[in-house]
Amino acid sequence: MDWILFAQSDVFKWVILPLMIIAARLCDVSLGTMRVIFIGKGYRFLAPLIGFFEVMIWLLAISQIINNLTNIFYMITYATGFALGNFLGMSIEKRISLGTVIVRVITHVDSVELVEFLRTSDYGTTVIDGEGSTGPVKLIFTVMERKQIPEYIEIVKRFNPGAFYTIEDVRYVEGGIIDTGREKRRRLQSKRK
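Residue 101 in numbering that gives the first Met the number 0 sits at position 102 of the sequence shown, with consecutive numbering throughout.
Hints in this document: simulated from the structure, not taken from any laboratory.
For clarity, every value in this text was computed on a predicted model and none was experimentally measured.
The reader is advised that the hints may include incorrect statements.
[As the list claims (entries may be wrong)] Taking lysine-lysine pairs in the DSSO-like style, the calculated list, with each CA pair at most 30 Å apart, reads: (1) K156 to K12; (2) K40 to K146; (3) K156 to K93; (4) K93 to K12; (5) K146 to K93; (6) K156 to K146.
Full structure from sequences and hints, please.
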């Protein structure tokens with residue numbers, strides 16, 4: 000079958016091209032989400048590179064829409080690709096867990112066991128006495144790699160299920176005790192020898 004005839008066929012117009020538009024938007028919006036994340040994390044060289052490919056893919060997708068402005072179905076597939084791209088971009092960001100965060104835990108109950116366990120688990124932890132709306136509290140600050148959040152929160156909930164905590168991105172860290180998974184594995188391997 001000749002390519003020109005195939006491109007003019009109903010199968011191409013109503014199945015292949017809409018799927019290509021969705022795929023292009025899925026890619027360019029996901030790349031855009033990642034680019035914004037990399038900008039926020041300070042990846043000065045990776046963000047522009049991703050931006051280049053993001054715009055190239057976007058131009059391919061939008062050119063098909065402009066060439067077929069009367070086809071509402073293409074516009075719907077374009078919007079569908081955009082929505083799916085946002086979802087995929089956020090899912091990718093969650094999976095790669097880039098960066099460093101600070102977790103602030105505020106607890107009304109005795110936190111000695113929690114703090115001791117965190118420190119023996121190699122989480123650099125700072126504790127401050129504070130005053131909450133209902134009385135004295137302990138503020139526990141820990142800076143860690145983003146990928147460590149689930150394990151850390153599980154520990155906090157085990158020792159203090161009612162603790163209030165917040166998590167915030169940290170752009171730059173110097174000094175202190177930040178235990179990445181790689182360092183923890185290295186220590187465990189050296190203990191086994």
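Check: Hint by hint, which ones does the structure fall short of?
Finding: 1 and 4
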